[in-house]
Amino acid sequence: MKDSLIIGGTTLENRLFLGTGKFSHHALMAEVIRHTGVQVVTVALRRIDFTAQEENVMQHVPRECLLMPNTSGARNAEEAVRIARIARAAGAGNWIKIEVISDQHYLLPDNFETIKATEILAQEGFVVLPYMNPDLMAAKRLKEAGAAAVMPLGAPIGSNRGLQTKEMIRILIDTIDLPIIVDAGLGRPSQAAEAMEMGAAAVLVNTAVATANDPLLMAVAFNHAVKAGRLAYLAGPAAAKQTAEASSPLTGFLR
Amino acid sequence: MGFYDIYSPYNNFDFPGFFRQVSAENVQAVLAKESLTPEDFLILLSPAAEAYLELMAQRAHRETVQNFGRVIFLFTPLYLADYCENQCLYCGFNVKNTFPRRKLSPGEVEKEAVEIAKTEMKHVLILTGESRKHTPPSYIKECLQVLERHFTSISLEIYPLEIEEYADLIGAGVDGLTIYQEVYNEEIYDAIHPAGPKRDYRYRLDAPERGCRAGMRTVSLGPLLGLNDWRREVFFAGLHADYLRREFWDVEVGLSFPRFRPHRGNFQPQTMVSDRNFVQIILAGRLFLPRAGITVSTRERAELRDNILPLGVTKMSACSSTAVGGRIEVKEGVGQFEISDRRDIEAMKEMLLGRGYQPIFKDWHKV
Numbered sequence: 003m004k005d006s007l008i009i010g011g012t013t014l015e016n017r018l019f020l021g022t023g024k025f026s027h028h029a030l031m032a033e034v035i036r037h038t039g040v041q042v043v044t045v046a047l048r049r050i051d052f053t054a055q056e057e058n059v060m061q062h063v064p065r066e067c068l069l070m071p072n073t074s075g076a077r078n079a080e081e082a083v084r085i086a087r088i089a090r091a092a093g094a095g096n097w098i099k100i101e102v103i104s105d106q107h108y109l110l111p112d113n114f115e116t117i118k119a120t121e122i123l124a125q126e127g128f129v130v131l132p133y134m135n136p137d138l139m140a141a142k143r144l145k146e147a148g149a150a151a152v153m154p155l156g157a158p159i160g161s162n163r164g165l166q167t168k169e170m171i172r173i174l175i176d177t178i179d180l181p182i183i184v185d186a187g188l189g190r191p192s193q194a195a196e197a198m199e200m201g202a203a204a205v206l207v208n209t210a211v212a213t214a215n216d217p218l219l220m221a222v223a224f225n226h227a228v229k230a231g232r233l234a235y236l237a238g239p240a241a242a243k244q245t246a247e248a249s250s251p252l253t254g255f256l257r
Numbered sequence: 115m116g117f118y119d120i121y122s123p124y125n126n127f128d129f130p131g132f133f134r135q136v137s138a139e140n141v142q143a144v145l146a147k148e149s150l151t152p153e154d155f156l157i158l159l160s161p162a163a164e165a166y167l168e169l170m171a172q173r174a175h176r177e178t179v180q181n182f183g184r185v186i187f188l189f190t191p192l193y194l195a196d197y198c199e200n201q202c203l204y205c206g207f208n209v210k211n212t213f214p215r216r217k218l219s220p221g222e223v224e225k226e227a228v229e230i231a232k233t234e235m236k237h238v239l240i241l242t243g244e245s246r247k248h249t250p251p252s253y254i255k256e257c258l259q260v261l262e263r264h265f266t267s268i269s270l271e272i273y274p275l276e277i278e279e280y281a282d283l284i285g286a287g288v289d290g291l292t293i294y295q296e297v298y299n300e301e302i303y304d305a306i307h308p309a310g311p312k313r314d315y316r317y318r319l320d321a322p323e324r325g326c327r328a329g330m331r332t333v334s335l336g337p338l339l340g341l342n343d344w345r346r347e348v349f350f351a352g353l354h355a356d357y358l359r360r361e362f363w364d365v366e367v368g369l370s371f372p373r374f375r376p377h378r379g380n381f382q383p384q385t386m387v388s389d390r391n392f393v394q395i396i397l398a399g400r401l402f403l404p405r406a407g408i409t410v411s412t413r414e415r416a417e418l419r420d421n422i423l424p425l426g427v428t429k430m431s432a433c434s435s436t437a438v439g440g441r442i443e444v445k446e447g448v449g450q451f452e453i454s455d456r457r458d459i460e461a462m463k464e465m466l467l468g469r470g471y472q473p474i475f476k477d478w479h480k481v
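Protein sequences appear in the order of chains A and B.
Count along the first sequence from 1, then add 2; that gives the number in my numbering.
Count along the second sequence from 1, then add 114; that gives the number in my numbering.
Keep in mind that a hint or two might mislead.
Said to hold, decoys possible - Quick partial rundown of chain B residues pointing at chain A, CB under 7 Å, derived from the structure:
{"id": "1", "residue": "Arg184"}
{"id": "2", "residue": "Asp364"}
{"id": "3", "residue": "Glu366"}
{"id": "4", "residue": "Arg405"}
{"id": "5", "residue": "Ser454"}
{"id": "6", "residue": "Gly468"}
{"id": "7", "residue": "Gly470"}
{"id": "8", "residue": "Lys476"}
{"id": "9", "residue": "Val481"}
Read the hints as simulated data drawn from the structure, not as lab findings.
What you are looking at is a predicted structure, and each value in this text was computed from that prediction instead of being measured.
Each residue gets a CB set at the ideal place from its N, CA and C atoms; glycine is no exception.
Chain A extracted, bound-state conformation:
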């Protein structure tokens, strides 16, 4: 049976999403996409120069990829909404990753403004994927506002600290009936595998791949890890135990 991820009516087979901001060369990003079969790529609208011929990141994103512009740089809902509209008007498609960040030190998302932007953009027909701090009530409101998925952070952007918010993400996966995509903070393939084993629908990485010594090899490693984690989730892992367990020492007499 095929194990597809469906977001906003689009069927995806690859659950590794790729960020683009930190690669040393646009062409390297394109190579990573080719080698991994990544299908969803996020690009900051702030970086896209629709007039440039050569240095335009868009020209390096393969056509078969689904482009998910993001609102990086937005400090409030209003700016995020305007960025999204510019992206769509410029032909960058219907998907939008909302990023509203007004803390320039830890780059933590503003859930409140993110919910506001999600509501407006979902009503305008965008497929909205909001980047968020994993909070159950905020995720619930994002769903009510029309989000197509929610994207909680594992740790602050670029920190490579892994699944620091694991328990909160587990609660989102358990409770929110939308794809939960772990975005930001994953530094190693093992952490991506862990997120997928927990039931995350996909993961999004950039720093961990783009700043590795060998970005291409690291991307391939993440790709395998995401697939392995997904298979493990589907297989239903046996429960882990602290100690070896004798068979029914207290209730054996019931046999």
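Starting from the known structure of chain A, arrange chain B on it as the hints suggest.
Chain B in isolation, oriented as in the chain A frame:
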């Protein structure tokens, strides 16, 4: 409360005594810490830290790549006018220097913009001297109307303004502010600014904060290296940036450490900052403020700019002219200072890509 309240308690601080006491162990301890205090920053600026530049460089490189990626943001300065009422001893625009002054008309701004736009550059930094008579905010606004058609991000490096004036220019298309205190030491500041509106130390000191309050997206500051003991000056610039980032979470606070360059006039700098110390400054700045943008301009030699790429630099100016109308006139006018790195955009791109850095021309889209 403003930055002066943080700065002034240091008036009686014994910097030489502090530096004498810094040991190798102190430096090692700082390098083992995850986040740095102002005192840690001062330790990294000490003579004792000079023996640890390679270790500092490795950490600075890691943190910069992690936070910013393997990319360098490029921008270019555009001088609108050189009228000035100040007598800054170290500046070519000093009112006492006699040369034909001028300001660009909107039509000339358009021509310069067209020349710059050919390089794919989307971010310009506009500069003037300090003359509210010749280049009032209304003139800047006129120029912005032209520039907005060509660039997606426009920063200001002009005389200090009121909050409302900054806000007005933000409404007209500006998103960034660069303003250098030049020198934090008040006595030296007084001595090298003998006349003109720039004599008001506090008004200039508080300008970056007024820019933040007005809604600037990026604010960049720094000392002009050469006017005083660089260790103290860099320390205060770092504290200033740290103060702003704590007060204004949403502003990208950046640093720049321009070194004194030859100019029209005969001012001799108090100290010259060696390449080695310049590197120490960048590294200490990066480790103290891991998220701060660090700009290195064409004041610096091409070879040095290339070598310090991995050490913490995030922004570079390129294809610069420090003269009004420098791109549209056959005979270049009088510049504010001499440029060292004169490479064209193709050479810059080739160098950056060759060294594993993606040049970024556009990093903001006005919304």
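Does the interface hint hold: is Arg184/B within less than 7 Å of chain A, judged Cβ to Cβ?
holds, 3 Å
Hey, does the Gly470/B contact hint survive, CB to chain A under 7 Å?
Interface hint status for Gly470/B: holds (5 Å vs cutoff 7 Å).
Would you check whether Glu366/B satisfies its interface hint, that is, whether its CB is within less than 7 Å of any CB in chain A?
holds, 5 Å
Tell me if Arg405/B is really an interface residue toward chain A, meaning its C-beta lies closer than 7 Å to one of theirs.
holds, 6 Å
Hint check: is the beta carbon of Val481/B less than 7 Å from a beta carbon of chain A?
holds, 4 Å
Lys476/B as an interface hint toward chain A, with CB separation required under 7 Å
Holds. Min distance 4 Å.
Go through the hint on Asp364/B and say holds or violated, using the shortest Cβ distance to chain A against 7 Å.
Since chain A brings a Cβ to about 4 Å from Asp364/B, closer than 7 Å, the hint holds.
Checking hints one by one. Is Gly468/B an interface residue toward chain A, by the C-beta closer than 7 Å rule?
violated, 10 Å
Taking 7 Å as the limit, does the beta-carbon of Ser454/B come near enough to a beta-carbon in chain A?
violated, 25 Å
Going through the hint list in order, the structure does not satisfy hints 5 and 6.
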